[in-house]
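Chemist: Sequence order for the protein chains is C and S. Here this note's numbering is used: the first residue of the first sequence is 1, the next is one more, and so on. Here this note's numbering is used: the first residue of the second sequence is 1, the next is one more, and so on.
Careful, some of the hints might be misleading.
[Unchecked claim] Distance ranges between label pairs, derived from CB positions:
hint	chain 1	residue 1	chain 2	residue 2	range
1	S	Asp43	C	Ala125	27 to 37 Å
2	C	Pro14	S	Met18	26 to 36 Å
3	C	Ala115	S	Glu211	39 to 49 Å
4	S	His74	C	Ala116	41 to 51 Å
5	S	Gly76	C	Ala116	45 to 55 Å
6	C	Glu70	S	Arg106	31 to 41 Å
7	S	Pro40	C	Glu112	49 to 59 Å
8	C	Gly49	S	Glu103	43 to 53 Å
9	S	Ala112	C	Thr2	47 to 57 Å
10	S	His74	C	Thr2	45 to 55 Å
[To be verified] Take a look, some chain S residues computed to stay more than 12 Å from chain C by CB distance:
hint	residue
11	His32
12	Leu36
13	Ala64
14	Asp86
15	Thr110
16	Gly214
17	Pro226
18	Thr227
No lab work stands behind these hints, which were simulated from the structure alone. Values in this document were obtained by computation on a predicted structure and should not be read as measured data. All C-beta atoms in this analysis are idealised placements derived from N, C-alpha and C, irrespective of residue type, glycine included.
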Amino acid sequence: MTANPTVLIVDDEPDIREALQTFLEKSFAGVRVITAGSAQEGIAALRQGPDLVLADHRMPGRTGLDFLLEVRLRSPDVPRVLMTGHPDAQVAIKALNEAGIQRLLVKPFDPEKLAALLRELLEVA
Amino acid sequence: MSGATWSEEDEKHLLSVMAHEVNNAVTPIRAHAAILGQAPLLDEGASRSVAAIQRLADRLAGLAADMLDTSRMHSGRLRVAWAAVDLREEARAAVAEYAPLAEERRVALTLAPGPPCPVVADAARLQQVLSNLVSNALRATPAGGRITVEATSRDGGATVRVCDTGVGLAQGEADRLFRPYTQGAGSKGSGLGLYVARGLVAAHGGRIWCESPGKGRGATFAFSIPTAPPGWSGMASAAPGAAQ
Numbered sequence: 001m002t003a004n005p006t007v008l009i010v011d012d013e014p015d016i017r018e019a020l021q022t023f024l025e026k027s028f029a030g031v032r033v034i035t036a037g038s039a040q041e042g043i044a045a046l047r048q049g050p051d052l053v054l055a056d057h058r059m060p061g062r063t064g065l066d067f068l069l070e071v072r073l074r075s076p077d078v079p080r081v082l083m084t085g086h087p088d089a090q091v092a093i094k095a096l097n098e099a100g101i102q103r104l105l106v107k108p109f110d111p112e113k114l115a116a117l118l119r120e121l122l123e124v125a
Numbered sequence: 001m002s003g004a005t006w007s008e009e010d011e012k013h014l015l016s017v018m019a020h021e022v023n024n025a026v027t028p029i030r031a032h033a034a035i036l037g038q039a040p041l042l043d044e045g046a047s048r049s050v051a052a053i054q055r056l057a058d059r060l061a062g063l064a065a066d067m068l069d070t071s072r073m074h075s076g077r078l079r080v081a082w083a084a085v086d087l088r089e090e091a092r093a094a095v096a097e098y099a100p101l102a103e104e105r106r107v108a109l110t111l112a113p114g115p116p117c118p119v120v121a122d123a124a125r126l127q128q129v130l131s132n133l134v135s136n137a138l139r140a141t142p143a144g145g146r147i148t149v150e151a152t153s154r155d156g157g158a159t160v161r162v163c164d165t166g167v168g169l170a171q172g173e174a175d176r177l178f179r180p181y182t183q184g185a186g187s188k189g190s191g192l193g194l195y196v197a198r199g200l201v202a203a204h205g206g207r208i209w210c211e212s213p214g215k216g217r218g219a220t221f222a223f224s225i226p227t228a229p230p231g232w233s234g235m236a237s238a239a240p241g242a243a244q
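With the rest of the complex left out, here is chain S (with noise of 0.2 Å):
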C-alpha cells in the first residue's frame, strides 16, 4: 500500500485482509466457548459469560463477512445465485431468526399476514438483508416497543418493509445511512451493513430506502426487488454464478 495516498485498491485489499485476520480469531473464540459450554456445572454467571462470548463471536463474523462483500462490492465479485424464493418465507425466517432476542428485550415482533411473495431471487443474499434490517430495527427499538415485518407482491415486483416504533431518523439522517462506515445517530457498529444491503438489493436489481417521521417516532426500512432479474428464462443454468 502506498504511504501517501488510499487508493480503491488499498481500501479492497485492506477489508479483505481484516476480514481474515476477524474470521480467524473467531474460530478459534468460538470452539473454545463451546469447549467452555460443555464444562460440568457451569453457575449461572459462568453460562452467560459464554453466551455472551457466543454471541459477542457473532458480531464479529458478522463483521468480517460485512468487510468480505464490501470488497466484493468494490471489485465487481458479488455474485447472486437466481432461483425460485418465496420472498414472504424468507421474512418469516428471519422473524424467526430474532424472535428468541426480541422477547429478551421484550419488543413484539411479528410477521404481518399475508400471500405468498415469488420472486427469482438469491435467498441468502435476500436473508442477509432481512437480518440487517430486522437487528438494526431490534437495536432501535426499546422494551415495549414494536416491530412489523411486512412482504407484499405489486406491479412485477415485491416489497418487504421493517417497520419499527424505535428512535426514528432525524431529518437528512435518512439519505445518509447506507453510506459506507456510515452510522444512525447513537448506533453502534461499522457502518457497513446497510451499505452492504444496499449492494445485494441492487445486485437484483432492486432498491432499498428509509422512511420516517422523525426522531422518536419509529421508522421503516424497505427494499423492493423486481419478479425476476431482465432476461430470466426460468433455467437455473441462466444463473450468472455462485453467491461468494
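Bound-form chain C, shown alone (with noise of 0.2 Å):
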C-alpha cells in the first residue's frame, strides 16, 4: 500500500465533505483527502490516482453507486465505499454485485467505522 495513501470523498454535501476532510487528516498524519461535490467531479478527481473511494448514494444527478460503478471500471484495484442514509436492500445488492464495493456505510455512521475502515483498506496505523 502507498506511503501516504489519498482518499476520495464524492458528497454533495459540503459540511459532511468538510468533517470528514478534517477528520480524517486529523486521524491519520499521511493520509490526504481529495474532495469532490458530485459523480462527474468526482470522475474528474479519479485523475489523483485516490487509493480509496468513499461516494454518498443519494447525489443530484448521477448516484453515488453509478459512481461506483464507473470507478471499477477505471479503477478495479481501488476500493470503493459506498455510504448512504437509506439502506435499501435493492441498492445494497447492486453495490456489492456489480460496483463491487468493499462497505456500505450507513449514515450518520460513527466517524470510528470509517477510521477503523481506512486501517483495514490501508493498512494506514
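Put the two chains together into one complex; each comes in its own frame, and the hints tell you how they fit.
Modeler: What follows is the structure, encoded as C-alpha cells:
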C-alpha cells in the first residue's frame, strides 16, 4: 500500500465533505483527502489516483452507485465504499454485486467506523 | 405536496426528507465532535461538552431512524430478517447498553435471572424495541429508582417486561402512548418511538402494551411475540427480506 495514500470523498453536502476530510486528516498523519461534490467531479478527481473512494449514494445527477460502477471500470483495484442514509436492500445488492464495493456505510455513522475502515483497507496506522 | 390538504403520501415524503436532512447534519456533527475529542489537553468542561455533542447527535440520529421507520411502516416497506434469536440475550444487551447511563443517573437497572428465550425474530429490530423501552424507563425513573427487565418464554411465545419505579401513568394515558406523535405527560421527544416499537412488534406478529397502577407508582412496558412466525420452516432463506 502507498506510504501516503489518497482518499477521495464524493458527497454533494459540503458540510459532510469538510467534516470527514478534517477528521481523516487529523486522525491519520500520512493520509491525503481530496473531495468532490458530484459524480462528475468525482470522475475528474480520479486522475489524482486515489487509493480509496467513498461516495454518497443520493446525489443530484448521477448517484453514488453509478459513480462507483464507473470507478470499478476505470480503476478496478481501488477499494470502493458507498455511503447512504437510506439503506435499501436493492441498492446494497447492486453495490455489492455490480460495483464490487468493500463496505456500505449507513449514515449517520460513527466516524471511528470510518477510521477503522481506513486502517483495514489502506493499512494505515 | 398539496397546500390545502395533507395526505398520507405527503406525510411519508416529509418524514423521509426530514430524516435525510437530519442524517446529513448528524454525520458532520459526529465527525466534528470526534475531531474535538482528539484535541490534546481538553479541560474537563470541554470534554463534557464533546460528550454532550455526541449524545445529542445520537438523539438526532435516533429521531431520524424513527422517522424513516414510520415512513416505511406507512408504505408497507418495513421488513423483518428472520433468524434464531435468544430474546433473553437481546434483553441482556439492552441492559448492558444502558448500564452506564443508569449508573450516572443512580438508577438500578437489572436483568431478572431466568432461562434462555429462543425465538425466530429479527434481532436488530427487537434490540430497537428494547432500547426504546429501557431508555423510556430511564427517563421516567428518578435517582434512587429501579428498572427490572424480564424475559420469559411461555405457551408458544416470549415476553419481555420492562418494569420501573418511575413517574407512572395517569388513568387512560396508557392507550394513547402508542399513537404517533404522542408523548407521555412531561416527557420530550418526537412521539414516534413507541409508535415505531408497536409497528416492529406487530411485524413479528406480536403485541406491545403498558400498565401502571397510577401516577407516581411506576409502570411496566411489555411486548410478546410468537416463538416463530406462522409457516416458519427453519430455513434462513424463508425470510421475506432484509430489514431496512
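Chemist: Which numbered hints are broken by the structure, listed smallest first?
Modeler: 2, 4, 5, 6, 7, 11, 12, 13
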